[in-house]
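**Student:** With the hints as your guide, set chains B and C onto chain A.
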Amino acid sequence: MPTLFLLIPFIGIVLLNLFYTKKLKKLAFGTGILVTLIQMFMVCAIVFQLAGNFFTAIEIKYFINLSIDLYAAIILFTIGLIAFIALIIRRHSDNEEIFNFTQLILIIMIGMNGVVMVTDIFSLYVFLEVTSIASFVLIAKKKELLALNGSFKYLLMSSIATLMILTAVAIFFMTFGTLSYEGLAAQLSATAEVSSQIVLAIIFLVTGLSIKAGLVPFHMWVPDAYSSPSASVSVLLAGIVTKAGGVYAILRLLMDVFPQVVIIQEVFAFIGIVSIVVGALLAIGQKDFKKMLAYSSISQIGYIIVGAACGSPLGFLGAFLHFFNHATFKSLLFVNASAVEAQTGYKDLDKLQGLAGRMKITSWTSVIAFLSTAGIPPLSGFWSKVIIIVALWQVGFIPYAVIALLASILTLAYFLILQRKVFFGKTSAEFENTKEANKGFTSASMILAIITVLVGIGFPFILNFLMNKGLF
Amino acid sequence: MLTVIFLIVVLLYIIGFYYLITTRNLIRILIALEVLTKGITLTLIYVGKVTGQMATAQSMAITLIIIEVVVLAVAAGIIVNIFNHTDSLDVREIFRKNK
Amino acid sequence: MNNTVLYILLGLLVFSALLSALIKNTMKAVIALAAASVILTVIMFLMGAPLAAVFELSVAAGLITAIFASTISLTDNPEADQEPGKNKKRMSRYIYLPIIIVIVAGIIFIMKPGLDFTSVTSATKDTVQNTIWHVRNLDIAGQILVILAGVFGVVILFKERSKN
Numbered sequence: 001m002p003t004l005f006l007l008i009p010f011i012g013i014v015l016l017n018l019f020y021t022k023k024l025k026k027l028a029f030g031t032g033i034l035v036t037l038i039q040m041f042m043v044c045a046i047v048f049q050l051a052g053n054f055f056t057a058i059e060i061k062y063f064i065n066l067s068i069d070l071y072a073a074i075i076l077f078t079i080g081l082i083a084f085i086a087l088i089i090r091r092h093s094d095n096e097e098i099f100n101f102t103q104l105i106l107i108i109m110i111g112m113n114g115v116v117m118v119t120d121i122f123s124l125y126v127f128l129e130v131t132s133i134a135s136f137v138l139i140a141k142k143k144e145l146l147a148l149n150g151s152f153k154y155l156l157m158s159s160i161a162t163l164m165i166l167t168a169v170a171i172f173f174m175t176f177g178t179l180s181y182e183g184l185a186a187q188l189s190a191t192a193e194v195s196s197q198i199v200l201a202i203i204f205l206v207t208g209l210s211i212k213a214g215l216v217p218f219h220m221w222v223p224d225a226y227s228s229p230s231a232s233v234s235v236l237l238a239g240i241v242t243k244a245g246g247v248y249a250i251l252r253l254l255m256d257v258f259p260q261v262v263i264i265q266e267v268f269a270f271i272g273i274v275s276i277v278v279g280a281l282l283a284i285g286q287k288d289f290k291k292m293l294a295y296s297s298i299s300q301i302g303y304i305i306v307g308a309a310c311g312s313p314l315g316f317l318g319a320f321l322h323f324f325n326h327a328t329f330k331s332l333l334f335v336n337a338s339a340v341e342a343q344t345g346y347k348d349l350d351k352l353q354g355l356a357g358r359m360k361i362t363s364w365t366s367v368i369a370f371l372s373t374a375g376i377p378p379l380s381g382f383w384s385k386v387i388i389i390v391a392l393w394q395v396g397f398i399p400y401a402v403i404a405l406l407a408s409i410l411t412l413a414y415f416l417i418l419q420r421k422v423f424f425g426k427t428s429a430e431f432e433n434t435k436e437a438n439k440g441f442t443s444a445s446m447i448l449a450i451i452t453v454l455v456g457i458g459f460p461f462i463l464n465f466l467m468n469k470g471l472f
Numbered sequence: 001m002l003t004v005i006f007l008i009v010v011l012l013y014i015i016g017f018y019y020l021i022t023t024r025n026l027i028r029i030l031i032a033l034e035v036l037t038k039g040i041t042l043t044l045i046y047v048g049k050v051t052g053q054m055a056t057a058q059s060m061a062i063t064l065i066i067i068e069v070v071v072l073a074v075a076a077g078i079i080v081n082i083f084n085h086t087d088s089l090d091v092r093e094i095f096r097k098n099k
Numbered sequence: 001m002n003n004t005v006l007y008i009l010l011g012l013l014v015f016s017a018l019l020s021a022l023i024k025n026t027m028k029a030v031i032a033l034a035a036a037s038v039i040l041t042v043i044m045f046l047m048g049a050p051l052a053a054v055f056e057l058s059v060a061a062g063l064i065t066a067i068f069a070s071t072i073s074l075t076d077n078p079e080a081d082q083e084p085g086k087n088k089k090r091m092s093r094y095i096y097l098p099i100i101i102v103i104v105a106g107i108i109f110i111m112k113p114g115l116d117f118t119s120v121t122s123a124t125k126d127t128v129q130n131t132i133w134h135v136r137n138l139d140i141a142g143q144i145l146v147i148l149a150g151v152f153g154v155v156i157l158f159k160e161r162s163k164n
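Chains as they are written, first to last, in the working numbering: chain A, 1 to 472; chain B, 1 to 99; chain C, 1 to 164.
Extracted from the complex, chain A is given alone in its bound form (with noise of 0.2 angstroms):
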């Protein structure tokens, strides 16, 4: 079953690079679309085991290094969900750049499935380099000088997290012989004390996993990757892919390997906590729209990372809870960036005013992003933030969460400022004859902007499902 996941999107690039000539192309859209599908509709056969025994029987037990829990199937689906999203932006550019587009898009469904389901820590190297490659070539694909530095200045950074984090598996082997999580937790939780080489391992693995997922004080590349490129790939990095990638790497290490060091769970924690108060101040002097978003999203995954490193049960679960939310308010929100710059032509915060006469869906559905980001009840970022907030409670982090309440409130603040100038204030002369964006920004911004409403809503059922299948 887990093969399926790596299998099924290589299909689809075989499909389109042999089957697709010249008039063929505009199908790619298409097979895109139906991978994502799949993806998602597996995810959902394998959760609510729905048609018997079909999928168990069609199992391809060829990779016998995978793996999916419930966690995981959240993960994947969540991908899933995001790659169709950057995909319905999409539809009406011109054939080439979706062929092009799709191609790049299944490779990195691929890497991130790969490293969702992997229990190697090598594995997920190599597929944190999949991802990672797939993800210079799309933000590079513009070829517009900004692209272009955005994605060499993350090229640089990545490159080195990567040889950080090889630095660190290759003390891992030399101390312990295996490199299975299985085998590491067992060796790591045989050990009296921590060795002064594991600490120095376990220094060169978290610099590297906090590059690669963004956190402060590595956040240097975050801006320019999430704000150069075009508006799909926008959408797809800061909504998935270094969230399936870094941050997901983090939170299994923590949950597989590391639950008994302690070490490891109190740096990540004050990372957690730094990067939350970092991202939120350093986005309220933002002028550009994106670069704003950028900075929320650091702050965002500062939550991430201090619910995993709580180490509890609780603390995990309102980490993956907050990642499928952040998924979807924080794409939600750039999309519809997108289609406010594609619809005025201005990223600039302090020239947009009052576009709610004009582009009604956008802002409403922009509305209800902010208040979710912002923690308003009840709407799913609610929920992620308490459970999280009281996860650190409980295990002993009082400051960190009285911190981590502050920020939530000032987040509140400054967005309820934004969204009341930007779409609810006068309208400015300039932008009388601005016309709602184009179907595929509006669908998907109504998609993400009901389901962000349904789970806030229909939580507490989640949470009987979730504790029914034995999390926690």
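No wet-lab data here; the hints were simulated from the structure. All the given hints hold, so there is nothing to weed out.
With a Cα cut of at most 20 angstroms, we get these calculated SDA-like pairs of lysine to any residue:
| id | chain 1 | residue 1 | chain 2 | residue 2 |
| --- | --- | --- | --- | --- |
| 1 | B | 49 | C | 51 |
| 2 | A | 143 | B | 85 |
| 3 | A | 142 | B | 80 |
| 4 | C | 28 | C | 67 |
**Tutor:** Below, chains B and C alone, put in the same frame as chain A:
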């Protein structure tokens, strides 16, 4: 002998990292990344010899080399495109605030 | 005898890496890097890793040098190299390198990270071929995907715009 190899590896890391930080040419950044890759390859082979699991270590080293060359090829593509836009290979062009 | 040869080769490796940092001409620096790759190949072969050594030789000393050579020729800007005093500035930047080496060596001697390891008696079927193709076949899939992504990337990045 093992200590000597460890020290050489550390030396390669320092040289590579220092090179990366102080250079001003885009292509030299890639050369510095390559020097760091040599360090990590030597580390992996050393670890393989020391723990006796040379097969796993060799497969890790082979995978690493292949992935690095692909990253380098993509980076070279980006550098050529940057050069086509700005006619210079100066790193300060990239790390300056693009306004 | 074997150990002495190894020490000499390790010293040469560090020396060529340093040379690639200090040489003024970029193309010659790339040749120094290729020389370092060749020396690393011999070192790996002497340490008992022949397959990885062959990969290092063909890929790092061959393919990467070719990539660098084509990049350098595509980004040829003869006026920029004539900047006076560039070599002197580079040398002055590298004065700090021995200082940093001494500091890090001091830190290592103080902290003394242990180099303990677990050695594993290898099973009889523990050949590289078996490991790559059966135990770690997921890595092979990853490498295929990386190469695919790289090929798409190179095609997209190096394509000239046909229409303006």
